[in-house]
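Fit chain B to the known structure of chain A by using the hints.
As given, the protein sequences belong to chains A and B, one line each in that order. Residues 1 to 262 in this note's numbering are what the first sequence lists, from first letter to last. Residues 263 to 544 in this note's numbering are what the second sequence lists, from first letter to last.
Read the hints as simulated data drawn from the structure, not as lab findings. Misleading hints may appear alongside valid ones.
[Stated by the list, open to error] For the chain A half of the interface with chain B, some residues (derived, Cβ under 7 Å), not all of them: (1) Phe59; (2) Gly137; (3) Asp138; (4) Pro202; (5) Phe203; (6) Ala250; (7) Gln251.
[Stated by the list, open to error] Below are the SDA-like pairs computed for lysine to any residue, each with C-alpha atoms no more than 25 Å apart in a straight line: (8) B/Lys417 / B/Gln294; (9) B/Lys539 / A/Ser75; (10) B/Lys491 / B/Glu455; (11) B/Lys315 / A/Ser75.
Ideal Cβ placement from N, Cα and C applies to all residues, glycine included.
Letter by letter, the chains look like this.
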Amino acid sequence: MKFLFIYLPYLSFGIFLLGTLYRFWRWAKTPVPLRIVVPPAPQSRLGVVWRLIGDIFWFPNLFHADKLLWAGGFSFHIFLWLVILRHFRYFLYPVPGWVAAIQTLGLYAGYLIPLPLAFLLARRLVIDRALYISILGDYFALVLLLAIAVSGILLKVFFRTYIVDVKALLLGLIHFQPFLADAHWLFALHFLLVMVLLIYFPFGKLMHSGGLVLSPTRNQRANFAQRFVNPWDFPVSYNALNLSRPEKYAQTLAAASEGKKE
Amino acid sequence: MDRRCHPAKEKDMLKIDLPKERLADWKEAMLQKMAEVLNKYRSVRLFLDICVKCGACADKCQFFLGTADPKNMPVARADLFRKVYKRYFTLGGKVWGRANEAEELDEAVLRDWYTYFYQCSECRRCSVFCPYGIDTAEITMAAREIMAAAGVATKYVTEVVAKVYDAGNNLGIWPPAWKDNCAFLEEDLKDTEGLDIKFPVDAVGAEILLVPPSADNFVNTNTMIGYAKMFHAAGISWTTSTYCNEGGNFGLFLNYANLKKANNRILEAARQLKVKKIYWGE
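Same shape as in the complex, but just chain A (with noise of 0.2 Å):
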C-alpha cells in the first residue's frame, strides 16, 4: 500500500518527467542539416506555428490520407483532452472555475473513449497492412489505455469511492506530505495503471505528443531565398581519379576562344 500510494507515485512522475526531457534534449541537440520540408509548407514563422497547432488537434493531412483512421484518431484524442482536463479537478485546490464547468463534457468524453480505443486495437488485428507493421508497443498502449478508461468509467458509475480521500491522497502527493488514504480497490487499480502509463511513456512511440513539434518538415519554413548553412558542413575533396578538376576548367576557360569579345 505505501509503496503503491507514496513512492510509486513519486517513482512513476520522476520517471516520467526525466525521461520525456531526456529525449527532447536528445532529439533537440541532433542538428538540421537539410532544409528539407514537406509541402504545402508555410512562408511565415506564424505558418508554422498554425501548421503546428493543426497537426496538434486536429491532423489535416491524416484527413486526407484516411478519413476512417482520422475519425477514430481524432476522436480519441479530443476526448483524451477532454478527460485530462476534467481530471484537473482532483489536482488543484481551490477548483478553478473552467474545470468545474468542463466536468460534464469531460465526463461524456470519459464514456465515450472506449470507442475509439477499441476501433484502433480492432482495425490493428483485422486489416492487414496494419496487422502486417503493428508491434507488441502499440498493442499495449492501446490495451493500457483501454484499461485506464474501463476502470475509470466503472469507478465513475458503478463503484463509487470516497472521492475526498482520493483527492486528499493526491493532494498530499503534489504538496510532498503523502499519507496513507483508505481507497476502492478499483481506484487503486486505475491509479496503478496510469502510473504504469507514465513510465512506460518516455520509452515508446507516445512520445510522438511531443516529438511532432521538432519534426523537421513540420516546423521549417520554405523560406528558400535565405541560404540555409548545415552546421556540420565540411568542403569538397577531390580523387585523385576523378578527371575533371576545377584546375583543368581554369585552363581550358584561359584556352577558349569563346566569349573573349566580352
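Same frame as chain A, now just chain B:
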C-alpha cells in the same frame, strides 16, 4: 521476384571515395556509420522514434501500389531501418528484442535494405500524408549512406555519380561532344527555322550560367532549343559550361558527400565563368 539492382562497379566506387567492394567487416562499418548518421540528422532519429505505425502512408507509395510488396509500404520500409536501430541503439530494443521489432543486422537484413531502399524514389509523397511528416526519403538517404560506407551501392547511381567527376554530367557527354551538340543545334535552327540563335559554351563573363539536365543536350533537344530562344528573345547573355552541365544531382541518391560535391561543381563553374546568376534544375 528478384527486384535487386545491379551492384556497383569497383572503378566507380573508387572514383567516389567509397570502398571498392563490400567490406569484410561490413556490419561494424554499417553500425558505426549508423551511429554517426543518428547524431547528425535529427530527422532520422526523430522519425525512427515517433512513428506510431498508423499505416496512413501505406497506400500512398506508388511502388507499394505497383508491386503489392508489403515491404514497399513506407512504414515497412522505414521499419527495415528501425528494427536495426532499436536492436543496437535503444534500451527497449535490447530488452525486448524481436518481440518489439528489434533485429540483428545480418545478411538477410542487408539484402532487404539493398532491395527496398533502392526501390524508394525519394519522392516524399508518403510524408505529405503522415501526421508527423515522417519522411521516408530521409530514412532512405540515411540507409543508402550507411550501405555505401560499407561498400554496398548500385551500379546505376555510382556509375552516374562517378561520370559527373569525369565528364561533368551524368550521361558522359565529354566537352568536345557538348560543344559539337550545341554547334549542331545552332546549324539546325538556322536550317529549319531560319533563326540566327547562338548556343554559347564556356563564355566567360556571361550574365547567366545555364546548368540544364544533360539529357536536354542529348535527347530532349527541343528543350535546349527552347532555352536558347528564350534567352535570345529576352536579350540576356548566357552560357553553358563544359565543366558542369548537369542539373540532375545523383549524389542525392547516394550520400551527403557526393550530393555536396556534385552541387559544388555548379558553384565552381559559375565562379570560373564569372557569371551573375545560375539557372539550374531539372
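Now the hints, each set against the structure:
The criterion of a C-beta within 7 Å of any C-beta in chain B is met by A/Phe59, whose closest approach is roughly 5 Å, and the hint holds. The beta carbon of A/Gly137 comes within 6 Å of a beta carbon in chain B, closer than 7 Å, and the hint placing it at the interface holds. Of the supplied interface hints, the one on A/Asp138 holds, with its beta-carbon coming within about 5 Å of a beta-carbon of chain B, less than 7 Å. Below 7 Å, beta-carbon pairs count as interface contacts, and A/Pro202 has none with chain B, the closest being about 10 Å; its hint is therefore violated.
Checking A/Phe203 against chain B: minimum C-beta separation of about 5 Å stays under 7 Å; hint holds. Taking 7 Å as the C-beta contact cut-off toward chain B, the hint placing A/Ala250 at the interface holds, the least distance being around 6 Å. With 7 Å as the threshold, the beta carbon of A/Gln251 stays out of range of chain B, its nearest partner Cβ sitting at about 10 Å, so the hint is violated. Simply put, B/Lys417 and B/Gln294 have alpha-carbon atoms about 24 Å apart, close enough for the 25 Å limit, and the pair holds.
Between B/Lys539 and A/Ser75 the CA atoms are separated by roughly 52 Å; this puts the pair beyond 25 Å, and the hint is violated. Only pairs whose Cα atoms come within 25 Å are accepted, and B/Lys491 paired with B/Glu455 is accepted, the gap being roughly 11 Å. Under the criterion of a C-alpha separation no larger than 25 Å, the hint pairing B/Lys315 with A/Ser75 is consistent with the structure, at around 18 Å.
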